[in-house]
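Colleague: Chain residues, written in single-letter form:
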Amino acid sequence: MSIESQIVQFLFTGIALGSIYAMVGLGFNIIYNSTGIINFAQGEFVMLGGLVMVWLNVTLGLPMPLAFIITIAAVMAAGALFERLAIYPLKKPPVMILIIITLAGSIIFKGSAMLLWGKRTYSLPHFSSEQPIALLGATILPQTFWIVGFLAVVVALLALFFNCTMLGKAMRACSFNATAASLVGINVKRIVLLSFAVSAAIGAIAGIVFTPVVLMEYDRGTMLALKGFCAAVLGGLGNGMGAVIAGLLIGILESFGAGFISSAYKDAIALLALLLVLVIKPSGLLGRGEASRLKDF
Amino acid sequence: MHVRRNIPLIILVLAVAAAAVLVTDSYILTILIFIGIYAIATMGLNLLLGFAGQISLGHAAFFALGAYVSGILTTRHDVPCIAAAALAVMLASGVAYIVGLPCLRLKGHYLAMGTLAFGEIIHITLNAEVELTGGPSGIAGIPMLSAGPLSADSDVKYFLVVWVVFVLLFILTRNIINSRPGRALQALHGSEQAASAMGIDVAGMKLTVFVLSAAYAALAGVLYVHFVAFVSPQAGDIMFSIKMVTMVVVGGMGHLWGGLLGAALLTVLPEMLSYFEDYDMLIYGGILLVMVMFMPGGLTQGFTRLTGALRAWRTPR
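Heads up: the protein sequence lines correspond to chains A and B, in order. Heads up: the first sequence at position 181 corresponds to 181 in our numbering, and the numbers run straight through without jumps. Heads up: the second sequence at position 36 corresponds to 333 in our numbering, and the numbers run straight through without jumps.
Rather than coming from a laboratory, the hints here were simulated on the basis of the structure. Don't take every hint at face value.
[To be verified] Pulled from the structure, derived: some chain B residues nowhere near chain A, Cβ distances all over 10 Å:
1) A317
2) I352
3) A414
4) N424
5) W610
[Unchecked claim] Quick look at which bits of chain A chain B covers, simulated, 3 or more residues with Cβ under 8 Å:
6) 101-113
7) 221-234
In this text, all values refer to a predicted model and were calculated from it rather than measured experimentally. Glycine included, every Cβ here is placed at the ideal spot set by N, Cα and C.
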């Protein structure tokens with residue numbers, strides 16, 4: 001393969017990977033904006049989405065669209081339940097307690113998945129043909145278009161939700177100032193619940209579209225969470241569009257790193273990028289300084 | 298002097314001495330050795346979590362660094378045990394300094410994620426650098442601890458070494474906490490703004506504790522590797538980092554005896570429950586969640602509350 005077509009190939013792979021990180025990053029931001037919490041269990045929603053979809057679609061044989069909807073509903077319920085049981089009962093907990101709680105949640109999700117599905121790796125059929133399409137000397141799996149397409153749909157729906165619906169506007173109001181939001185009659189506790197549910201849904205979508213390409217197993221969550229967090233921080237914590245762009249960047253970086261440097265270290269590349277961002281510009285490449293100063297973390 | 302304050306420590310020393318004489322069962326000795334090793338690591342982590350109020354999710358990496366460096370030096374380069382151990386602890390502390398320098402300027406979530414990412418990088422490296430670390434199969438045939446003609450070549454001797462190290466470190470840690478820097482540290486936990494207004498170098502203080510806690514973890518790693526005679530990348534697993542955090546939380550964050558209590562409980566528990574292996578993530582996650590939500594001060598706090606309640610109940614109103 002010529003170097004040009006290799007570059008095109010890595011770019012496509014990177015965009016597909018990056019779309020997933022972007023979705024995880026978006027999930028982080030939604031919870032962060034309404035609560036100031038970094039949800040360490042964010043990656044587990046992706047894992048759950050993938051595995052529940054495999055169970056419904058492959059094991060039970062439900063048609064894909066139906067399985068898709070049930071999966072999202074199930075993971076949303078898991079996210080909401082987690083919020084109700086572990087976050088809701090606390091009154092103004094310190095940051096460290098919140099970190100430990102979401103961390104504990106992530107191990108509980110992971111441990112439950114291991115009990116339900118074992119340590120096996122599961123595969124899911126591609127949404128459409130598995131025949132790669134030749135383009136510019138590279139080959140793309142049609143699933144890549146599904147992944148990027150779903151990212152676009154998620155972004156569009158979120159934009160619509162936050163800008164055009166009362167509930168979305170209420171969520172934004174909470175992210176600006178929770179006290180002021182509650183003064184104008186917004187039920188902040190309910191918004192927090194909603195943000196966990198929405199963020200779980202986005203994670204589930206990422207898991208469903210991602211599984212056909214990379215397969216899924218119970219312990220994928222932590223790495224996905226780290227890379228998604230990297231996207232969220234690089235894009236400026238709380239900045240939705242920033243997370244999308246940064247997620248794509250990280251995906252491309254990882255794909256080129258795996259191709260040109262070392263495939264054994266492909267995960268380390270994204271993590272090193274995360275550490276570098278934390279060192280050099282913790283407010284993110286696209287973030288505003290004051291946004292990170294406002295939040296208590 | 299402070300005899301009252303030293304009673305628990307004296308009891309511990311007597312118990313260790315008694316165990317060394319009375320316990321002959323090598324299975325029980327092995328468990329006691331592991332408790333000592335984990336207690337050393339968690340004592341350091343407790344300094345960071347409980348006293349400085351910072352969280353590290355990458356402490357297994359320092360444990361693994363200590364274990365690997367000492368293991369590689371003694372098996373491949375014939376470095377004497379003591380020198381290898383010292384180098385291992387120094388190297389891990391150096392790495393902690395480099396990682397901590399930027400991360401500790403940041404608060405809460407960022408440090409947690411930064412240390413998590415760091416731990417994962419170390420874990421990946423241990424798996425990938427097959428020539429240096431043996432890759433996923435690790436390093437075997439690591440010699441027992443020895444210093445010149447002295448060698449900890451039996452379980453009882455190793456037990457004594459581990460627990461003498463623990464007691465010495467315990468005294469050191471207690472002195473640190475009761476010193477001026479130690480009080481500065483606790484002030485920092487209360488409020489960083491207030492502490493820095495009082496003239497405490499907040500970032501420097503946090504960094505010192507982070508490096509110190511990494512050194513404790515590395516020393517525990519060294520003690521582990523020369524006892525087990527084998528090390529694999531599992532020693533640097535994220536799950537192990539989380540287990541250490543759980544030990545501290547269960548025992549009691551910010552309480553000197555917390556680390557030991559948590560380490561003892563969470564080392565003995567898996568031995569007693571045979572099905573623990575399959576459920577370990579669920580059990581650790583569940584314990585962590587329940588403890589943080591309902592007893593954030595850990596078992597030591599629960600114990601103090603209980604004795605306080607008993608005393609209040611006994612004294613007539």
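Colleague: Hints first: check each against the structure and report whether it holds.
Modeller: A quick look at each hint next to the structure:
1. A317: holds, 36 Å
2. I352: It is violated; I352 (chain B) is separated from chain A by about 5 Å at its closest Cβ, not greater than 10 Å.
3. A414: For A414 (chain B), whose nearest Cβ neighbour in chain A is about 4 Å away, the distance does not exceed 10 Å, so it is violated.
4. N424: For N424 (chain B), whose nearest Cβ neighbour in chain A is about 8 Å away, the distance does not exceed 10 Å, so it is violated.
5. W610: holds, 28 Å
6. 101-113: holds (count 10)
7. 221-234: Our answer is that it holds, as 6 residues pass the Cβ test (under 8 Å) against chain B, meeting three.
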